[in-house]
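Use these hints to put chains B, C and D onto chain A, whose structure you have.
There are 4 protein chains.
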Amino acid sequence: METHHQQTKSRLDLFRQKVYIIIYGVNTPAGKTFDIGLLIVILLSVFTIMLETVEGIDLIFHKELMLLEWIFMVLFGLEYALRIFVSKRPLKYIFSFYGIIDLLSILPMFLSIFISGSHIFGSLRILRLLRLFRVLKLMEFMQESSKLKVALMASRAKVVVFLYTVMIISILIGTLMYYIEGPGNGFTSIPKSVFYTIVTLTTVGYGDMVPVTPIGQFLSMVLMVTGYGIIAVPTGIVGVEIARQLTKATVERPQDIPPAQHGSLNGMVCAHCNREDHRDDAEYCYHCGHSLHI
Amino acid sequence: METHHQQTKSRLDLFRQKVYIIIYGVNTPAGKTFDIGLLIVILLSVFTIMLETVEGIDLIFHKELMLLEWIFMVLFGLEYALRIFVSKRPLKYIFSFYGIIDLLSILPMFLSIFISGSHIFGSLRILRLLRLFRVLKLMEFMQESSKLKVALMASRAKVVVFLYTVMIISILIGTLMYYIEGPGNGFTSIPKSVFYTIVTLTTVGYGDMVPVTPIGQFLSMVLMVTGYGIIAVPTGIVGVEIARQLTKATVERPQDIPPAQHGSLNGMVCAHCNREDHRDDAEYCYHCGHSLHI
Amino acid sequence: METHHQQTKSRLDLFRQKVYIIIYGVNTPAGKTFDIGLLIVILLSVFTIMLETVEGIDLIFHKELMLLEWIFMVLFGLEYALRIFVSKRPLKYIFSFYGIIDLLSILPMFLSIFISGSHIFGSLRILRLLRLFRVLKLMEFMQESSKLKVALMASRAKVVVFLYTVMIISILIGTLMYYIEGPGNGFTSIPKSVFYTIVTLTTVGYGDMVPVTPIGQFLSMVLMVTGYGIIAVPTGIVGVEIARQLTKATVERPQDIPPAQHGSLNGMVCAHCNREDHRDDAEYCYHCGHSLHI
Amino acid sequence: METHHQQTKSRLDLFRQKVYIIIYGVNTPAGKTFDIGLLIVILLSVFTIMLETVEGIDLIFHKELMLLEWIFMVLFGLEYALRIFVSKRPLKYIFSFYGIIDLLSILPMFLSIFISGSHIFGSLRILRLLRLFRVLKLMEFMQESSKLKVALMASRAKVVVFLYTVMIISILIGTLMYYIEGPGNGFTSIPKSVFYTIVTLTTVGYGDMVPVTPIGQFLSMVLMVTGYGIIAVPTGIVGVEIARQLTKATVERPQDIPPAQHGSLNGMVCAHCNREDHRDDAEYCYHCGHSLHI
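Residue numbers (the numbering used here), protein chains in the order written: chain A, 1 to 294; chain B, 1 to 294; chain C, 1 to 294; chain D, 1 to 294.
One chain only, chain A, in its complex shape (with noise of 0.2 angstroms):
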């Protein structure tokens, strides 16, 4: 009976199948791989749009940039033909966030053939360096990783009331600096002047406005130390939930945990409804009940 039904599937199946495994397979040296190989390609592509921004560069490499920049549009529209196709449901993957962002870093070199000047849109491939990400998943740091974004969205709360209180305090005192200093001393406005309480605050301090009066400095010393006192309670806050979270792990971890929650994720992508964040033992998505492995 299986054999039977294995030979029914045609060979352009079984191609489909070790494609699939190939893009979205973690665990295979293939997929390996390709995803340590797609790494590179994306840091390449990266740094070459960079140096094309560098003017001296440009004038003399012009060409071999541009060629590079062909084969970097070949090479990343054939993996986007590639994930189409071994999709199961190709329209999911087409208008998913990161298959949006595969098509808008491929797009702009394309059209540049009909209309000229569409090329400066490339630096829009930037946008796959998200994707880097995803791969960091694969290797050793997977659970860190994991690990750090539940310590930040636990403190979410506390983030959110500091950020209030940060961005209250800069109106503030922005305004008043406005009206002390004024637009004579390069507090031309407002907005500038609250520029100005952030740069100070967070202890920045790029040196182009700089208060002159006597209030101003006063005003401006007392930002300063409260800053001090300020850039103390998000750190407070991030390292003691780190600490908790290192605590809960180290008792916790015989129990049964959700995936969620606790990182110890496979970094596969379900072939079906495209969802990540599957259980490191996982076998079937836990969303649609696909088989991972195809």
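Calculated directly from the structure, the hints in this document are not laboratory data.
Mixed in with the good hints, there may be bad ones.
If several chains are the same, the list does not tell them apart, and a pair holds so long as it fits within one copy or across any two.
Listed next, the in silico SDA-like pairs over lysine to any residue satisfying Cα-Cα at most 25 angstroms (straight line) [unchecked claim]:
no., residue 1, residue 2
1, Lys-88, Asp-13
2, Lys-63, Thr-188
3, Lys-92, Pro-108
4, Lys-32, Ile-168
5, Lys-63, Gly-182
6, Lys-32, Leu-130
7, Lys-63, Leu-75
8, Lys-32, Val-159
9, Lys-32, Leu-12
10, Lys-32, Val-160
11, Lys-18, Arg-83
12, Lys-32, Leu-103
13, Lys-18, Gly-31
14, Lys-32, Leu-163
15, Lys-63, Pro-183
16, Lys-32, Met-167
17, Lys-32, Tyr-164
18, Lys-92, Ile-22
19, Lys-88, Pro-29
The following block gives chains B, C and D in isolation, referenced to the frame of chain A:
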């Protein structure tokens, strides 16, 4: 008996009651809508003031911005009148902190009808941003906000010692820098040198004053690395307090805790004495015993 | 017997005793008033010196500031004389750390009567700010101050290792930056490059020296992100020490702890041997056994 | 038997043994003196190189500085020869990390006798600073240093995830800033914009590039406040690791712990295989079994 009592209430009283619930109520849908609406209007009015100070925008949109100012004045004036109207003890509200701020935010615009130039004080309205802290309480972040406040309060003494030390170090090293660098290198007075010292110690580093002599540069380097260590102190203090707060919260939650300490406040304001910080399950004002539900 | 012993005491001795309690006493109302008065006079004298260096203010108020200087000199002189007068061993006080500072803070002004120009050393008086740390002890923040000191002392070894590492990294990368950027881009010598490296590593970032070459910019970026991580080390160390200190305090408080470790000090100074750091309940000096209440 | 065995040893062997103990020994007074002397000579030679690059000093003291250079070369040359002489396997030392650095620190000066201009590489001697880390081990701070290293190692994976995230954010926002601000406002290329992004995110803030457009300023403000939060991550991680390390140390100290983990190392170097990191109570090299006391 009870129905009779309610019949004696005039229609005005019923209307007042309704408005009271809208303005001060938190758990009712109408109260929530009012608070969020107020939040948006305050933010819009603040951004209008900010835009007015941007020369380029004010030149083109002066009329539109002034129109907006008048609209906000009417809205805030209406709100102010309603708050007085529904308050059981209007004078208490008028002379309360928020009462004065509410008045200050409409007065300048109103006075500018009679006295030209008084419009400039319109930016006092920015103080209404402080009311946003109250709105914050209504949302899910209420508890977090209280926890942070408790953590900061608990480490108050340590923070004072810390600020005191920073002040003395700044004055001592600022004076030293003044004698090392001298007015020729931009350190024109001791207060300015103290300003430089704090700018450096807090790692802001504007760069408007920079040491030129080798000794001044050496002292600055010592100062920076010291600042490195000193910044660790408030971080450590606040971090530890937050950790303690969280641990205590976990342990003590089942117990009966007074509202001031564990922050499960209902965010309402007593109509009689204008106090806030009532317990989550409070039916009557903890201060004057007046019913919180009118 | 005892009454007879007291009768033999001269009136001068009784007066000396009274003054001693005022100057060195902490728990008596007179002692507290004296300390807070001294605090205010020291701060005022420091602000007078600071204002003298502001050209605009000195031009207009020169006479008034000089008058204030003379008043402060007389006050500090009087205090110095009294301290010698009431001390059982005056030489010990005169050659103690605070004794020398007290003298240095009145000498320059006094000498300027005979030698013109010696007035400039008047700013040595700023060192009296250090005495403020003693005043700090009197207040409720006394314990907190001790705790912080203990926490910092406990992590002393780790801090030395940390500073050592920062120093070596700074010299190594500073030298590298000197050869990469060269004098043409403002990195005129290795010491200046080391200055730049520390300015960057501590995230101060004046911006007076900025890398121009791509390699220099890349190295600086690495340095900044490293500094990001390095700043975490002292923060972590101090935070952990503070946490340990607080935990220990809670656990050990019922036990018998020597004063140097747990900081419930009474803030008095022995009249005989000038030692500080006596236990809160101390009746006699822990060092020489002399009664602390004369 | 034993006395006979020692008699067969030549006088040279005995001398070699003595020198070995001085150079590699740690617990003997002679070894300690040698190490501290070496520390001082290395630091002096580094400061000599630094001073040579300060134009004003080099002009006046050129001859004196060159003389010092020659003295240091002779001293380091002598030390290098002795290290080869006492080593049981000299080639192992010559091609070890420190062996190459030791050679590089004398070669340029030596070559400058024959080839003029080679003197410039003399600053390679600065790499000898790395040897200072070994000297550090000898002192009481040895254990602390190991603890810090273990703490940093334990959080390695988290730090990689963190740096990866910072890199991707920097490139994405850097590219965005390039298109928002453009070459006209100083953002001449994407690499420079990425440099600006990192300068801002790490709160260094040189101020050589500053956003001018309102959108650029807004994005920068978001970046600063984000940087505020991101800086909390490494601080939290390292802090937690340090806390864990300290707790573990207290609990596990009585147990039998391998030297690599708990850092009670004796600071010696095996004469046979040049390995370091031997246990405090080690008699023989853990790697080759050679006696550590010759």
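25 angstroms Cα cut-off: does Lys-32 pair with Leu-163 within a copy, between copies, both or neither? Classified as between; 22 angstroms across copies, 40 angstroms inside a copy.
Please work out whether the CA atoms of Lys-32 and Leu-130 approach to 25 angstroms or closer within one copy, between two copies, in both situations, or in neither? within (18 angstroms within a copy, 38 angstroms between copies)
What label fits Lys-32 with Tyr-164 when the C-alpha limit is 25 angstroms: within, between, both, or neither? Classified as between: cross-chain Cα gap 19 angstroms, same-chain 43 angstroms, threshold 25 angstroms.
Tell me, please, which holds for Lys-18 and Arg-83 at an alpha-carbon limit of 25 angstroms: within, between, both or neither? Within one copy, since 12 angstroms is at most 25 angstroms while 60 angstroms is not.
For Lys-88 vs Pro-29, is the C-alpha pair at or below 25 angstroms within one copy, between two copies, both, or neither? within (23 angstroms within a copy, 46 angstroms between copies)
Evaluate Lys-63 and Thr-188 at a C-alpha cut-off of 25 angstroms and name the case that applies: within, between, both or neither. Classified as between: cross-chain Cα gap 21 angstroms, same-chain 45 angstroms, threshold 25 angstroms.
Go through the copies and call it for Lys-32 and Ile-168: within, between, both or neither, with a Cα cutoff of 25 angstroms. For Lys-32 and Ile-168, only the inter-copy Cα distance (21 angstroms) is at most 25 angstroms; the intra-copy one is 48 angstroms.
Within a copy, between copies, both or neither: where do Lys-32 and Leu-12 come within 25 angstroms Cα-Cα? Result: close within a single copy only, 23 angstroms intra versus 59 angstroms inter.
Indicate which option fits the pair Lys-18, Gly-31 if close means a Cα-Cα distance not exceeding 25 angstroms: within, between, both or neither. Within one copy only: 10 angstroms inside, 59 angstroms across.
Can you give me the call for Lys-63 and Leu-75, within, between, both or neither, at a CA distance of at most 25 angstroms? For Lys-63 and Leu-75, only the intra-copy Cα distance (19 angstroms) is at most 25 angstroms; the inter-copy one is 56 angstroms.
With identical chains treated as interchangeable, where does the CA-CA distance between Lys-63 and Gly-182 reach 25 angstroms or less: within a copy, between copies, both, or neither? Intra 51 angstroms, inter 23 angstroms, cutoff 25 angstroms: inter-copy only.
Reference check for the pair Lys-32 and Met-167, CA-CA at most 25 angstroms: within, between, both, or neither? between (44 angstroms within a copy, 22 angstroms between copies)
Violation of the numbered hints given earlier is absent; every hint is satisfied by the structure.
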